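S.K.: Listed below are the residues making up each chain.
There are 4 protein chains.
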Amino acid sequence: MIKTGIVGATGYTGAELVRILLNHPQVKITSLTAKIEKGQPFSKIFPHFKGVFDVQCEVFENVESIAKKVDLVFLAVPHTVALKFVPEFLAKGIKVIDLSADYRFDSAEIYEEWYGTKHTHSELLKKKVYGLPELYRDKIKKADLIANPGCYPTSVILGASPLVKMGLVSEVLVNSLSGVSGAGRTADLSLIFPEIEGNLKAYKVASHRHQPEMAEQLSKAAGSNIKVIFVPHLVPISRGILTTMYIKLNKPTDRNKIWGKYQETYKNEPFVQLLPEGETPQIKMVRGTNKCQISVIVKDDLAIVITAIDNLIKGASGQAVQNMNLMYGWDETEGLLYIPVYP
Amino acid sequence: MIKTGIVGATGYTGAELVRILLNHPQVKITSLTAKIEKGQPFSKIFPHFKGVFDVQCEVFENVESIAKKVDLVFLAVPHTVALKFVPEFLAKGIKVIDLSADYRFDSAEIYEEWYGTKHTHSELLKKKVYGLPELYRDKIKKADLIANPGCYPTSVILGASPLVKMGLVSEVLVNSLSGVSGAGRTADLSLIFPEIEGNLKAYKVASHRHQPEMAEQLSKAAGSNIKVIFVPHLVPISRGILTTMYIKLNKPTDRNKIWGKYQETYKNEPFVQLLPEGETPQIKMVRGTNKCQISVIVKDDLAIVITAIDNLIKGASGQAVQNMNLMYGWDETEGLLYIPVYP
Amino acid sequence: MIKTGIVGATGYTGAELVRILLNHPQVKITSLTAKIEKGQPFSKIFPHFKGVFDVQCEVFENVESIAKKVDLVFLAVPHTVALKFVPEFLAKGIKVIDLSADYRFDSAEIYEEWYGTKHTHSELLKKKVYGLPELYRDKIKKADLIANPGCYPTSVILGASPLVKMGLVSEVLVNSLSGVSGAGRTADLSLIFPEIEGNLKAYKVASHRHQPEMAEQLSKAAGSNIKVIFVPHLVPISRGILTTMYIKLNKPTDRNKIWGKYQETYKNEPFVQLLPEGETPQIKMVRGTNKCQISVIVKDDLAIVITAIDNLIKGASGQAVQNMNLMYGWDETEGLLYIPVYP
Amino acid sequence: MIKTGIVGATGYTGAELVRILLNHPQVKITSLTAKIEKGQPFSKIFPHFKGVFDVQCEVFENVESIAKKVDLVFLAVPHTVALKFVPEFLAKGIKVIDLSADYRFDSAEIYEEWYGTKHTHSELLKKKVYGLPELYRDKIKKADLIANPGCYPTSVILGASPLVKMGLVSEVLVNSLSGVSGAGRTADLSLIFPEIEGNLKAYKVASHRHQPEMAEQLSKAAGSNIKVIFVPHLVPISRGILTTMYIKLNKPTDRNKIWGKYQETYKNEPFVQLLPEGETPQIKMVRGTNKCQISVIVKDDLAIVITAIDNLIKGASGQAVQNMNLMYGWDETEGLLYIPVYP
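In order, the protein sequences belong to chains D, S, U and V.
For the first sequence, the positions run 3 to 345 when the working numbering is used.
For the second sequence, the positions run 3 to 345 when the working numbering is used.
For the third sequence, the positions run 3 to 345 when the working numbering is used.
For the fourth sequence, the positions run 3 to 345 when the working numbering is used.
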């Protein structure tokens with residue numbers, strides 16, 4: 003039984019972390035903090051926890067007061083906020099799973115270019131492990147600092163990495179559709195129901211911060227430079243990301259050969275679900291779960307790879323718990339086996 | 003051709019007023035103001051007007067600067083803001099259609115009790131006309147100041163007034179379902195898509211400010227005191243109000259007798275649509291129109307009256323234009339004949 | 003470990019039963035049948051079970067072939083279909099939880115009047131127990147035949163029964179809002195997305211078959227005749243029922259007195275959640291759970307009782323499992339403790 | 003004033019045709035037929051026309067009985083049904099606007115390959131004009147037979163044709179999102195609300211029948227072979243198509259040069275709205291209108307073109323009326339100038 007803390011517990015990913023950890027037999031939540039007014043019971047902010055988890059959410063004061071109470075901390079804070087918390091927690095011997103983008107990149111330059119902030123602790127970028135278990139399982143097991151992947155990058159890297167590893171690819175065109183919870187629990191005029199219902203739009207075309215994250219990871223997987231163009235779209239669902247990738251192959255390749263690579267790559271993965279020809283991923287099949295569905299269609303020299311995840315689970319809090327399970331040597335699926343509530 | 007102004011043009015009712023007035027052959031919009039930062043083109047705030055209506059929305063400065071440009075002004079401002087604008091416009095000879103609640107009540111006391119604000123111009127409460135054409139058509143024709151009805155009250159008064167006029171009723175229990183645009187174009191955390199989709203809830207149970215407005219109007223219609231209990235609910239649609247009323251009759255009454263009263267009352271009304279037995283109102287049949295659908299079911303001594311309106315049209319901006327048409331002696335339906343865009 | 007069967011496994015309630023039973027430590031699903039074409043894997047019909055529950059759904063042949071395999075059977079079939087299955091299963095010593103309406107009434111006459119079918123086994127109506135644990139827990143523990151309550155009646159009876167037991171009530175006016183899954187997994191033109199999105203409507207006003215079920219149960223609870231008028235509405239959500247009841251009291255009564263009765267009634271109930279003044283039930287707080295939220299507002303001689311349930315869980319399959327737990331002496335909450343997936 | 007008929011009036015495109023024609027000053031609807039049971043009033047099938055258009059919809063009998071009553075006929079029937087109607091109407095001197103796919107292709111072979119049906123009147127394929135006014139305005143003015151474009155192809159061809167005409171392109175990768183009305187007014191289990199809400203999925207990946215239609219038209223525009231890969235997705239909105247295209251340029255090209263081509267191409271087009279850099283098309287800006295919004299982003303040798311249309315208007319019935327306006331020499335925008343109902 004370990005003691006865990008959540009910093010930034012009042013966002014959607016924070017709430018999902020709580021829900022998942024409450025179902026986890028090996029952990030206790032011993033610290034729950036956020037930038038809030040004093041004295042807000044957690045189940046007042048999130049009434050769906052009423053009667054199940056009626057603790058107080060505390061005002062965040064400093065790292066020290068939390069570090070005393072926990073073995074591991076989840077940082078569910080906006081980027082830049084995690085920058086200085088991470089080394090402070092590590093210095094006190096606390097393991098850190100950082101859901102922000104602050105330690106995701108190997109390259110401080112890329113971070114600084116896309117996030118517009120000086121990276122004050124770039125020495126930790128080498129120490130951190132990018133928390134995508136399907137790619138970095140062994141390193142995660144020994145890590146003290148996990149940079150939990152972005153939601154869009156998770157949907158892209160899981161879908162494209164087997165292919166780029168085959169050496170057939172130099173560019174990935176990414177079309178993603180995201181539910182509104184991806185924008186966070188934020189009082190923003192553009193997110194209110196009448197603005198979203200019945201609407202569809204692309205945003206930050208080829209300029210979203212997750213684009214360089216995809217590119218860095220796919221390039222590492224390929225062992226060569228992979229260019230990524232990423233076009234995210236906002237669609238009227240609450241949860242989920244559906245990603246459709248258009249990937250040129252440097253020569254026409256038989257689908258069986260490619261599919262064989264996917265099957266081999268993912269044959270023992272508990273959370274990756276490969277779909278046979280004729281089926282395509284659907285949000286409702288992964289919603290509320292830590293799964294990633296993947297299908298691959300090949301037309302001559304073009305591969306079309308489609309993936310679906312729940313942005314708040316495999317795209318954030320579920321993956322964070324999967325990483326924790328690995329760090330502590332527990333069953334990787336502990337606390338993470340859900341069947342979708344359907345319809 | 004008259005000149006009209008809209009004060010508070012950047013809310014949903016303001017935008018709908020613009021849309022309707024642009025389709026109106028007798029008016030020009032000569033003033034468009036709101037509490038905004040300087041220099042925001044209207045079609046930047048509301049891109050659906052791009053290419054159709056690319057004027058500037060002006061920063062509201064004072065009544066004088068608007069009064070110079072208009073014959074009639076629509077006030078689409080929050081309650082209390084209209085309180086002092088109204089007499090200022092009237093003093094300059096400008097006709098006023100006030101979409102706020104500030105002049106709706108006959109009784110300053112009730113206003114003050116429910117809106118928590120001293121009514122500084124109660125002498126105008128007698129002068130104003132409550133802008134429900136189906137009840138006050140003749141007075142509206144001669145009015146200078148229209149208090150445009152609330153959205154919920156419109157759905158209730160049109161549905162219940164024929165019945166209360168029959169002298170059979172002393173209390174009306176109102177259950178209303180409202181689309182989210184009824185809460186205004188407001189950056190409120192409780193209104194963002196993930197909070198609304200898939201959810202239903204009652205709010206301000208028997209304590210909503212529209213309750214006394216319903217009671218005052220139904221009591222006037224009945225010529226006796228009518229008690230109203232009003233329970234509004236928020237549901238995941240953008241536009242529309244569906245109201246179901248439970249009305250005890252002081253004696254069992256034949257449905258035909260009641261229905262005859264409705265048919266007589268509304269036989270020449272262009273915007274009231276009575277539905278035969280077996281059909282009930284639907285939002286999609288009135289959305290985008292100035293219509294009010296009504297059905298009546300009678301079980302012994304209980305009448306169940308159901309109505310549907312578009313909250314932004316018959317519940318606000320369309321009704322305002324209908325009032326303007328009457329004030330100027332134009333065809334009452336001018337600019338207001340729309341067929342719903344279906345599905 | 004008992005063996006259970008589901009007859010009619012391809013509807014939404016059937017699928018929810020499977021999901022809940024898969025999470026239940028005391029049972030195995032040993033029979034899964036429906037009226038389907040031969041050879042349809044269950045996870046083809048419901049892909050959200052893929053990889054989790056990949057058994058075959060069998061073509062329903064006869065009671066005998068199922069009875070050999072199970073200790074208890076859930077009937078998730080349309081009304082009238084259960085009529086003759088029930089005695090056949092009972093005759094073979096199989097316990098039955100019938101989710102249809104066929105055995106819900108004490109009175110065969112009422113059933114025959116509202117369902118238009120001769121009740122061929124009315125002798126069993128006395129033997130059956132109406133499966134609402136909060137009212138009939140002790141009887142359920144000893145029952146062989148459970149008539150699982152209707153979804154709307156569950157939301158009504160849990161909300162109104164404490165009040166009618168106080169002897170203050172003779173009539174309950176019910177306004178319910180239901181998600182579309184309540185209409186079943188049916189290819190019906192009126193249920194397709196473009197017809198439902200953005201729409202609201204009442205249907206079967208004061209003529210829905212659940213009305214007499216509510217009346218019978220509330221009358222039994224009161225020990226006197228309670229009249230019920232029920233107006234269901236279809237709203238654009240997938241799951242959930244929100245019920246608002248308007249209940250006249252035969253004398254003005256203090257809210258505290260009434261609330262005390264609710265607190266006493268439900269103080270040990272694991273699935274009833276009473277909300278303090280100022281809070282009202284919300285679908286999102288009960289969706290995916292077996293909970294029923296209840297709030298009560300009193301205005302003089304009128305009580306407004308609001309409830310929320312998940313129609314497929316507390317309104318159907320969850321309640322069925324709760325009944326099973328009682329029948330076998332297990333913890334009543336076994337397999338039923340879920341936190342809503344939010345948002 | 004011409005007389006028009008609609009064959010297949012009970013689908014969504016048929017209903018939209020009626021709505022648009024009722025707003026059109028130059029036409030009368032003199033025939034309204036469908037494969038229906040006898041005696042169904044049109045406003046019973048589509049209650050939103052109640053009180054506005056209460057004619058009878060007739061049972062379709064034969065071409066002759068319709069031809070007597072009309073000058074022009076709109077065929078809103080499934081593909082293959084129009085195949086033989088078209089020559090019959092033409093033979094009687096009736097102008098035809100065919101909304102089906104039967105006469106869209108120049109090549110009978112492609113039609114036969116993708117629609118699985120022998121083309122029995124391939125001689126008319128040369129005579130017909132593909133009814134996209136922005137490309138074929140002059141021919142449309144003189145045509146007797148219009149093959150009205152598919153909804154997806156409209157969104158693609160308007161977006162990509164200026165670019166392919168520049169000679170920079172050999173392949174267009176198309177990612178489209180469609181509202182559910184695109185699947186027709188059909189009682190299909192996969193289209194009911196609980197299956198669609200909250201879900202996203204791709205379907206008919208690179209195998210949808212609109213793919214060869216896009217390819218044929220873009221190839222004709224380019225004067226060279228253009229390959230199209232098309233991935234449609236179903237998303238939870240009722241109306242609208244958002245298309246995002248990924249188009250490799252055969253050399254890095256300055257955005258200004260490309261944008262200049264778009265501006266020149268569309269400078270006088272009443273229904274094409276080019277969006278400046280930084281803005282992207284949105285369904286809500288075109289819903290209920292005949293508009294097509296277009297934006298173009300260029301990254302080195304990749305152009306990303308995004309378009310939005312209302313699938314039932316610019317993608318079907320509105321475009322049909324635009325074609326009719328051209329055929330009769332009326333103002334091209336007659337009956338087609340709508341402002342979106344927002345939000």
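Where hints are given, some of them may not hold.
All copies of an identical chain are treated as equivalent in the list; a pair is satisfied when it fits inside any one copy or across any two copies.
No more than 27 Å apart at the CA atoms, straight line, and that leaves these computed lysine-lysine pairs for BS3-like [what the hints assert, rightly or not]:
hint, residue 1, residue 2
1, 206, 250
2, 263, 206
3, 40, 94
4, 253, 52
5, 203, 128
6, 253, 94
If you're looking for bench data, these hints aren't it; they were derived computationally from the structure.
What you are looking at is a predicted structure, and each value in this text was computed from that prediction instead of being measured.
S.K.: Run every hint past the structure and note whether it holds.
M.R.: Structure-based check of each hint:
1. 206 <-> 250: For residue 206 and residue 250, the Cα distance is within 27 Å both inside one copy (23 Å) and across copies (20 Å).
2. 263 <-> 206: This pair counts as between: shortest inter-copy Cα distance 24 Å, intra-copy 33 Å.
3. 40 <-> 94: within (26 Å within a copy, 51 Å between copies)
4. 253 <-> 52: neither (57 Å within a copy, 34 Å between copies)
5. 203 <-> 128: Neither. Shortest intra-copy (37 Å) and inter-copy (38 Å) distances fail the 27 Å Cα cut-off.
6. 253 <-> 94: Close neither inside one copy (52 Å) nor across copies (55 Å); limit 27 Å.
In the structure shown, a violation is registered for the earlier hints numbered 4, 5 and 6, in ascending order.
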